[in-house]
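Residue numbers (this note's numbering), protein chains in the order written: chain A, 38 to 260; chain B, 292 to 585.
The set of hints was computed from the structure by calculation and includes no laboratory data.
Treat the hints with caution; some may be incorrect.
[As the list claims (entries may be wrong)] Selected chain A positions facing chain B (in silico; Cβ < 8 Å):
1) TYR89
2) ARG119
3) LYS129
4) LEU131
5) LEU147
6) GLY148
7) ARG152
8) PRO175
9) ALA176
10) ILE219
[Said to hold, decoys possible] Some residues of chain A that are not near chain B, with every Cβ distance over 10 Å (derived):
11) MET38
12) THR82
13) ARG111
14) VAL114
15) ALA115
16) ALA116
17) LEU117
18) ARG118
19) SER120
20) PHE142
21) ALA169
22) LEU197
23) ASN207
24) GLY227
25) THR247
In this text the structure is predicted, and so the values were computed from the model without any measurement.
Note that CB positions come from ideal geometry on N, CA and C, so glycine has one too.
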Amino acid sequence: MIELHRVWKIYSVGPVKVPALSDVSFRIAKGEFVTLCGPSGAGKTTLLRLLYREDVPSEGEIEILGEEVSELSRRQVAALRRSIGIVFQDSKLLPGRTVYENVAFVLRVLGTPRREITGRVFDALRAVGLSARAQAYPAQLSQGEAQRAALARAIARKPLLLVADEPTGNLDEGMAAEVLDIVKDIWAGGTTVLLATHQAALTATLGRRTLTLHGGRLVKDEG
Amino acid sequence: MFGFLLGEALRDLRRAGRVAVSAILLISLALAALGAFWLLSSNLGHAVTQFRERVKLVVYLKREPASLEATALVERVRRVPGVAAVRYVGKAEALGTLKQVLGKDAGIADSLPQNPLPASLEVTPTAEGATLDGARALVRRLSALPETDEVGGGVDWIDRFAHGQRLLWLFGLGVGAVLAGAAILTVATATALVLHARREEMEIMRLVGAPEHVVRLPLLLQGMMQGLLGAVLAIWVLVACYAVIGPRVEPLVTETLGIARLTFLRPLNVVSLMLAGTLLGGLGGWLARGRAQA
Chain A
38 MIELHRVWKI
48 YSVGPVKVPA
58 LSDVSFRIAK
68 GEFVTLCGPS
78 GAGKTTLLRL
88 LYREDVPSEG
98 EIEILGEEVS
108 ELSRRQVAAL
118 RRSIGIVFQD
128 SKLLPGRTVY
138 ENVAFVLRVL
148 GTPRREITGR
158 VFDALRAVGL
168 SARAQAYPAQ
178 LSQGEAQRAA
188 LARAIARKPL
198 LLVADEPTGN
208 LDEGMAAEVL
218 DIVKDIWAGG
228 TTVLLATHQA
238 ALTATLGRRT
248 LTLHGGRLVK
258 DEG
Chain B
292 MFGFLLGEAL
302 RDLRRAGRVA
312 VSAILLISLA
322 LAALGAFWLL
332 SSNLGHAVTQ
342 FRERVKLVVY
352 LKREPASLEA
362 TALVERVRRV
372 PGVAAVRYVG
382 KAEALGTLKQ
392 VLGKDAGIAD
402 SLPQNPLPAS
412 LEVTPTAEGA
422 TLDGARALVR
432 RLSALPETDE
442 VGGGVDWIDR
452 FAHGQRLLWL
462 FGLGVGAVLA
472 GAAILTVATA
482 TALVLHARRE
492 EMEIMRLVGA
502 PEHVVRLPLL
512 LQGMMQGLLG
522 AVLAIWVLVA
532 CYAVIGPRVE
542 PLVTETLGIA
552 RLTFLRPLNV
562 VSLMLAGTLL
572 GGLGGWLARG
582 RAQA
């Protein structure tokens, strides 16, 4: 499903070269639930950005769903992203649209037939326990609800891989647990999950395979 | 999908707000100016066509020929290249026409000791003979006839008039082009504002793998909508002005240009203006599209 081979990502800050990722290699099989942990600045977000081809590695190879991502054309990148559900720490919900419209929006831009949209949106909202809040605007949601809405948006198009970048970073313990339960349900449904977090305690509660990044290096792969 | 893209474009248009309104007004101003000059020019064009159809040369004869001589002369002139029709006007007929023109002052003509008016031939040129070069050649040929004293009339003034009409059209085109340039820039600015307003949506669209045309097409469509709305507004203004001003100036136009009535732009011209507006708006949206690239 995902394979990284000796991946480097180096940013240039004037004459200074700053390595955000150094010689990272790992493999994630289809159907795995993997936690990517490490302190802030460890390179988690950089790594995830490489996976959904928001950025390209300076060196090394990244293969996702059988495709070498560095060599993809713009059209192929779009096709790759249709297989990946992405969730961010700040949820990135569109403020001028309701929860329903936020979820429906991605289905519409991907050309989902109109007659299927309502059913799929409500299936996704039910999966995250938000069907009662379908007509609420993002400003009217709690942070936990917003993150659940973002999850609904990510899973409505039934992705093969869910990439979640600190989805519980802004949440209190109770809300974080709720969101994690939903992520576990999504994984149980057959979706491969890669979840990045800086909360070490959270990793322990998940009890799944954990990749630990530190200073841009993969220092631990356990579980 | 097209319905969705159209909906997004409408949403974008609302987002652009006042700048979009300015762009629509500028486009309508450009097209209204262009349409007004077009309207003026096409009516002057009708006048030129009518002038050419009515143009006549008068061949004044040195002496009044006898009846048989006159018939033979008419036949000979009819065979001259560039001549469509010939009518002989004797001295008596010329004086009769003068009296009709003088109306109640016709007595003045009666008091003359003798008829001073010469016999003449009224020559109607063919379409080719009514052009500037054709008419000059025809005048030369008619002047060369031994019976000719003088040839009156010509088409030089019609050609000057036609030249003026073309200049007016070019001037209108120039004014329209300058205003259109300003309109394109305003549409591009409105689109840039839309881009700023929808940057989050575009980010989401790209992250979920939306095809590039789905990301960019609403921008182009909202520009085209601005253009189309501007064109419709311009045509409405032209129709309103034509309805209000037309009847007031028609008598003057009939008197001076000889055309029975003013005509509005043809349906094809109206469609062209609408297409031009849509293209202008689309061009503005297209110019701003580069900023939509990730």
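A quick look at each hint next to the structure:
1. Satisfaction of the interface hint for TYR89 of chain A is found here, the shortest Cβ-Cβ separation to chain B being roughly 7 Å, below the 8 Å cut-off.
2. For ARG119 of chain A, the suggested interface contact is upheld, since its CB lies about 4 Å from the closest CB of chain B, less than 8 Å.
3. Restraint check, LYS129 of chain A versus chain B: the minimum CB separation of about 6 Å is within 8 Å; hint holds.
4. Because the beta carbon of LEU131 of chain A sits about 6 Å from the nearest beta carbon in chain B, less than 8 Å, this interface hint is met.
5. Nearest Cβ of chain B to the Cβ of LEU147 of chain A: about 6 Å, under the 8 Å cut. The hint holds.
6. Nearest Cβ of chain B to the Cβ of GLY148 of chain A: about 5 Å, under the 8 Å cut. The hint holds.
7. With a least beta-carbon distance of about 13 Å to chain B, the hint placing ARG152 of chain A at the interface is violated under the 8 Å criterion.
8. Of the supplied interface hints, the one on PRO175 of chain A is violated, with its beta-carbon coming no nearer than about 11 Å to a beta-carbon of chain B, more than 8 Å.
9. Hint status for ALA176 of chain A relative to chain B: violated, with the closest Cβ pair at about 14 Å, above 8 Å.
10. With a least beta-carbon distance of about 19 Å to chain B, the hint placing ILE219 of chain A at the interface is violated under the 8 Å criterion.
11. Even its closest Cβ contact with chain B, about 17 Å, leaves MET38 of chain A beyond 10 Å, as expected for a residue assigned away from the interface.
12. The claim that THR82 of chain A lies off the interface holds: its Cβ sits roughly 14 Å from the closest Cβ of chain B, which is beyond the 10 Å cut-off.
13. With a least beta-carbon separation of about 6 Å from chain B, ARG111 of chain A fails to lie farther than 10 Å from that chain, contradicting its non-interface assignment.
14. Look at VAL114 of chain A: its CB is around 8 Å from the nearest CB on chain B, not clear of 10 Å, so calling it non-interface is violated.
15. Not every Cβ of chain B is farther than 10 Å from the Cβ of ALA115 of chain A; the closest lies at roughly 4 Å, contradicting the non-interface assignment.
16. With 10 Å as the threshold on Cβ separation, the claim that ALA116 of chain A sits away from chain B is violated: the shortest Cβ distance comes to roughly 6 Å.
17. Listed as outside the interface, LEU117 of chain A is inconsistent with that label: its C-beta sits roughly 7 Å from the nearest C-beta of chain B, within the 10 Å cut-off.
18. The claim that ARG118 of chain A lies off the interface is violated: its Cβ sits roughly 3 Å from the closest Cβ of chain B, which falls inside the 10 Å cut-off.
19. Listed as a non-interface residue, SER120 of chain A fails to keep its Cβ farther than 10 Å from every Cβ of chain B; the least gap is roughly 8 Å.
20. Listed as a non-interface residue, PHE142 of chain A fails to keep its Cβ farther than 10 Å from every Cβ of chain B; the least gap is roughly 7 Å.
21. Consistency note on ALA169 of chain A: stated as away from chain B, and its beta-carbon is indeed over 10 Å from all of that chain's, at 24 Å minimum.
22. Even its closest Cβ contact with chain B, about 12 Å, leaves LEU197 of chain A beyond 10 Å, as expected for a residue assigned away from the interface.
23. With 10 Å as the threshold on Cβ separation, the claim that ASN207 of chain A sits away from chain B holds: the shortest Cβ distance comes to roughly 18 Å.
24. For GLY227 of chain A, the non-interface assignment is confirmed: its Cβ lies about 20 Å from the closest Cβ of chain B, beyond the 10 Å cut-off.
25. Consistency note on THR247 of chain A: stated as away from chain B, and its beta-carbon is indeed over 10 Å from all of that chain's, at 25 Å minimum.
Taken one by one, the earlier hints fail for this structure at numbers 7, 8, 9, 10, 13, 14, 15, 16, 17, 18, 19 and 20, listed in ascending order.
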